[in-house]
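Protein chains in written order, with the working numbering: chain S, 1 to 218; chain D, 1 to 118.
It is possible that part of the hints are untrue.
As the list claims (entries may be wrong) - Taking CB as the label site, the calculated pair distances span: (1) S/152 - D/70: 19 to 25 Å; (2) S/70 - D/114: 50 to 56 Å; (3) S/40 - D/76: 38 to 44 Å; (4) D/64 - S/161: 29 to 35 Å; (5) D/27 - S/210: 56 to 62 Å; (6) D/64 - S/105: 48 to 54 Å; (7) S/148 - D/116: 20 to 26 Å; (8) S/27 - D/100: 32 to 38 Å.
Since the hints were made in silico from the structure, they are not lab data.
Glycine included, each C-beta is placed from N, C-alpha and C at the ideal position.
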Amino acid sequence: MDVITIERKVLQKNDEIASKNREFFIQKNLFTINLVSSPGSGKTSLVERTIEKIKDKVSIAVIEGDVQTDIDAKRVSNYNVPVVQIITNGACHLEANLVKDALANLEGKLDNAGLLIIENVGNLVCPAGYDLGEDLKVVVISVTEGDDKPLKYPKMFMNSEVLVINKIDLLPYVNCSIKDLRANALKINPKLKIFETSCTSGEGIDKWCGYLTGSIKK
Amino acid sequence: MHELSLARDIIDTVQQNVPKEEICRIKYVVVKVGAFSGVVTDSLKFSFQAITSDTELYGAELEIIDIPFLLKCNTCGKTTTNEFGMMICSGCGSVDTEMISGNELQVVEVKVETMEEI
Chain S
1 MDVITIERKV LQKNDEIASK NREFFIQKNL FTINLVSSPG SGKTSLVERT
51 IEKIKDKVSI AVIEGDVQTD IDAKRVSNYN VPVVQIITNG ACHLEANLVK
101 DALANLEGKL DNAGLLIIEN VGNLVCPAGY DLGEDLKVVV ISVTEGDDKP
151 LKYPKMFMNS EVLVINKIDL LPYVNCSIKD LRANALKINP KLKIFETSCT
201 SGEGIDKWCG YLTGSIKK
Chain D
1 MHELSLARDI IDTVQQNVPK EEICRIKYVV VKVGAFSGVV TDSLKFSFQA
51 ITSDTELYGA ELEIIDIPFL LKCNTCGKTT TNEFGMMICS GCGSVDTEMI
101 SGNELQVVEV KVETMEEI
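Bound-form chain S, shown alone:
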């Protein structure tokens, strides 16, 4: 049998488009975060609380990713920020080219923006492997999911820089130890920066937003 050598990354095309997205973000002076989590961890609520908290200081644009519906984009548009909904029609993650198309839809609305929030499709597995060109990958987990999730879904925690533990107001009612959750996440990725929040009570949102605005300035 003859062998033809190829030696190319499977995700090379995605990575090339992600690099172009990254160049675009640098050129526009946009700090970009990619929010990833299981469905229902509170990503959209975190986007809403973040906008409320910092929109007077930083101009924000949002890209929403979902398998179906524009429910999230409608929610976010109530806050008077530019928002585009990507509907993947079944795909379980966002890819760099979908973000590139969404950026084209935001044209003209990004000139004054300092922060772009990309909310990925709710899925704790597939979005981990796809670079979108973001500065920061932020994984959100809610205490109702249990403290063992970082061990069960390590790649997402391995590839993220920040962990937001959400719904901490529900801690008295669920069998989840924040201490164990933090320890498990740090076993997978000792460099994770961790925040604890409740989008319902507002607890911890100040700290998270302080970190975010601090990162934008760097």
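Using the hints provided, position chain D relative to the given structure of chain S.
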């Protein structure tokens, strides 16, 4: 289930890198898959078979090279592994580590039947 889109990317990569006349003679597409690449190899093989069935790659098989998860420790210098994907050195417990393999997802080569073999 992102294996389906990965299978599509693998097929695109092959079609872009192998001369047209050789593609229908491909028997194996060799792919490196890291232990923490997030890929289920059975799903990837299934997806590959499903979407090559009506293309010139019909009959080609995916050959998977499994790449282990390996960590290099910056404290004790040892290379270790663990089955959990923990970035902690199993030798000395240090967290000052770097992943040296396990994230791979790469099309390495294709094996093509020669004229004599056909």
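How the hints compare with the structure:
| no. | hint | verdict |
| --- | --- | --- |
| 1 | S/152 - D/70: 19 to 25 Å | 21 Å, holds |
| 2 | S/70 - D/114: 50 to 56 Å | 54 Å, holds |
| 3 | S/40 - D/76: 38 to 44 Å | 42 Å, holds |
| 4 | D/64 - S/161: 29 to 35 Å | 30 Å, holds |
| 5 | D/27 - S/210: 56 to 62 Å | 58 Å, holds |
| 6 | D/64 - S/105: 48 to 54 Å | 39 Å, violated |
| 7 | S/148 - D/116: 20 to 26 Å | 56 Å, violated |
| 8 | S/27 - D/100: 32 to 38 Å | 34 Å, holds |
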